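J.: Based on these hints, arrange chain G on the given structure of chain H.
Protein chains in written order, with the working numbering: chain H, 1 to 263; chain G, 1001 to 1248.
Think of the hints as simulated: they come from the structure by calculation, not from any bench.
Here the structure is a predicted model, which means the values were calculated and not measured.
Just so you know, even glycine gets a beta-carbon here, dropped at the ideal spot from N, CA and C.
Take the hints with a grain of salt, since some may be wrong.
To be verified - Distance condition first, Cα-Cα at most 25 Å in a straight line; then the derived DSS-like pairs of lysine-lysine: (1) Lys126(H) / Lys1086(G); (2) Lys210(H) / Lys74(H); (3) Lys131(H) / Lys118(H); (4) Lys118(H) / Lys152(H); (5) Lys74(H) / Lys118(H); (6) Lys1086(G) / Lys131(H); (7) Lys221(H) / Lys25(H); (8) Lys152(H) / Lys25(H); (9) Lys131(H) / Lys1013(G); (10) Lys221(H) / Lys210(H); (11) Lys1013(G) / Lys176(H); (12) Lys1086(G) / Lys74(H); (13) Lys152(H) / Lys1086(G).
As the list claims (entries may be wrong) - Under 10 Å between C-beta atoms, here's a sample of chain G residues computed to sit facing chain H: (14) Val1003; (15) Arg1014; (16) Leu1085; (17) Thr1088; (18) Asp1187; (19) Gln1247.
As the list claims (entries may be wrong) - Residues of chain G placed beyond 10 Å of chain H at every Cβ, according to the derived structure: (20) Ile1022; (21) Asn1049; (22) Leu1077; (23) Phe1082; (24) Leu1089; (25) Leu1096; (26) Leu1104; (27) Leu1122; (28) Ala1132; (29) Gly1133; (30) Leu1174; (31) Ala1215; (32) Val1227.
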Amino acid sequence: MIEVHNLSKSFGTVEAVREVSFTVKAGEIFAFLGPNGAGKTTTIKMLTTLLRPSSGSIRLDGLDPVTRQNDVRKRFGIVFQDPSLDQDLTAWENMQIHGVLYHVPRAERLERSETLLKLFDLWDRKDDAVKTFSGGMRRRLEIARGFLHTPKILFLDEPTLGLDPQSRNQLWTHVKHLNQTEATTVFLTTHYMEEADRVAHRVGVIDHGKLVAQGSSQELKAQTGTDSLEQAFLALTGTDIREEKAASGDQLRQFAQMWRRRS
Amino acid sequence: MSVVFILWLRELKRYTRSRAQIIASLGQPTLYLVVLGFGLGPVFRQAGNGSYLQFLAPGVVGMTILFSSIFSGVGLLFDRQFGFLKETLVAPVPRLQIMIGRTLGGATVAMLQGTLMLLVCLIAGFRPVSLAGGLMAPFFMLLIAIVFCALGTAIGSGLQDMQGFQLIMNFLVLPIFFLSGALFPLDNLPAALSFLTRLDPLSYGIDGLRGTLIAASHFSTVTNFAVLIAVAMAFLALGARAFSRIQL
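Looking at chain H on its own, in the form it has when it is part of the complex (with noise of 0.2 Å):
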């Protein structure tokens, strides 16, 4: 569903991603795992449409992101690191909205939302404004929305930053839930190791734009020798942390971003 081959993108002289090869099978929930600024996200953003990579190339569902951009961008959905929600607007229409930009029949974006609103708890709280929820409910809304347009792919960036461990439990019965009943090949990161060893099926580990392994959470722990993933995480990246490092490749980008803009 998604193949990506020696993918690179750099911003000026800073190499963000490096030669990352990958395959993600259909149906399959993959994990992609990184320290902070190891390149996750800009390969997430290069996945989804909003960066052009600088060389390598990505098929999603046999497509090419860079050259088919709204084709690709009706088969995947996204949750963002932040929130992406109209925050003024109740939860129906943030769904209706969502729907009517991914052209969803009137029909079944009616049926849909009311299923996913009642999968995730929202239903009685639909006709509240977004800024009236709770952290963990906005982050529900968000994922419900993402299964809106049913989506191939689902892209999860960090969705359980934040939240407690009832909402964090909750949100994965959920993913899991839709990964089984309407084959979603769901492509998530996250920072909590044990949350990748249950729900994924194979899991991915990106450090300095790098991909240094891949396989299921058993082989990585076979592979370095230790017996959780998060020691195996910590075995394949080092245990020195990269805050600075990861922070100078954002501010080069904006900084790039700047520049572009006054020029």
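T.: What follows is chain G alone, placed relative to chain H:
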């Protein structure tokens, strides 16, 4: 088409739900109308120009539309900060449709605000000279709204933070307002000022409104119409281009 419609509807819903903002944004023009209208009225009359309130009313209607339109463009900045912009930009929809939906929505809201302001003017004692003229006024109001919503979109697409917004208010929006002849007649101005007022698209909008509402104008109605349409086209193209270049 449904994409344009739903984004237009979104702007309208957001507008009707923020009642406090509706009232607040009428405050400033009302202050201009009442204080300047009655305060400078006697001087204006003595100079042989007739009623200042009559003269000022089309000016403050134009002002209301200008501010409301620019704000709707700057709404892009909020959508960027609160994330909704991303939701629309990854959707399988041409950006031009998104831009048109937003701009038409903003223009409709600005028209509604302008109409409310016109009602305030009527309450304050303003009287259009003819019914036919009064019926023509909405065309000019719409043109003003489209011109400045498109400009707002072009500006909002490039803005990254609130500081930029302050800059725009002080160095673009206020000069557009003050140089438009909303507050003073465009006749017999010093050459430099006269030149600047001619560069200001709002001059033609407000002059057009005066032509329809009080049957007194500086330029001809045809000039006003032609200039506004040309500027609207240019700004729409500019806005569409800026919007298509947004990076997240």
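J.: Compare the structure with each hint and give your call.
T.: Evaluation of the provided hints:
no.: 1; hint: Lys126(H) / Lys1086(G); result: 22 Å, holds
no.: 2; hint: Lys210(H) / Lys74(H); result: 29 Å, violated
no.: 3; hint: Lys131(H) / Lys118(H); result: 19 Å, holds
no.: 4; hint: Lys118(H) / Lys152(H); result: 21 Å, holds
no.: 5; hint: Lys74(H) / Lys118(H); result: 24 Å, holds
no.: 6; hint: Lys1086(G) / Lys131(H); result: 18 Å, holds
no.: 7; hint: Lys221(H) / Lys25(H); result: 21 Å, holds
no.: 8; hint: Lys152(H) / Lys25(H); result: 11 Å, holds
no.: 9; hint: Lys131(H) / Lys1013(G); result: 15 Å, holds
no.: 10; hint: Lys221(H) / Lys210(H); result: 19 Å, holds
no.: 11; hint: Lys1013(G) / Lys176(H); result: 35 Å, violated
no.: 12; hint: Lys1086(G) / Lys74(H); result: 15 Å, holds
no.: 13; hint: Lys152(H) / Lys1086(G); result: 20 Å, holds
no.: 14; hint: Val1003; result: 6 Å, holds
no.: 15; hint: Arg1014; result: 5 Å, holds
no.: 16; hint: Leu1085; result: 8 Å, holds
no.: 17; hint: Thr1088; result: 7 Å, holds
no.: 18; hint: Asp1187; result: 41 Å, violated
no.: 19; hint: Gln1247; result: 6 Å, holds
no.: 20; hint: Ile1022; result: 14 Å, holds
no.: 21; hint: Asn1049; result: 45 Å, holds
no.: 22; hint: Leu1077; result: 14 Å, holds
no.: 23; hint: Phe1082; result: 6 Å, violated
no.: 24; hint: Leu1089; result: 8 Å, violated
no.: 25; hint: Leu1096; result: 13 Å, holds
no.: 26; hint: Leu1104; result: 15 Å, holds
no.: 27; hint: Leu1122; result: 31 Å, holds
no.: 28; hint: Ala1132; result: 40 Å, holds
no.: 29; hint: Gly1133; result: 37 Å, holds
no.: 30; hint: Leu1174; result: 24 Å, holds
no.: 31; hint: Ala1215; result: 42 Å, holds
no.: 32; hint: Val1227; result: 30 Å, holds
The structure shown violates the earlier hints numbered 2, 11, 18, 23, 24.
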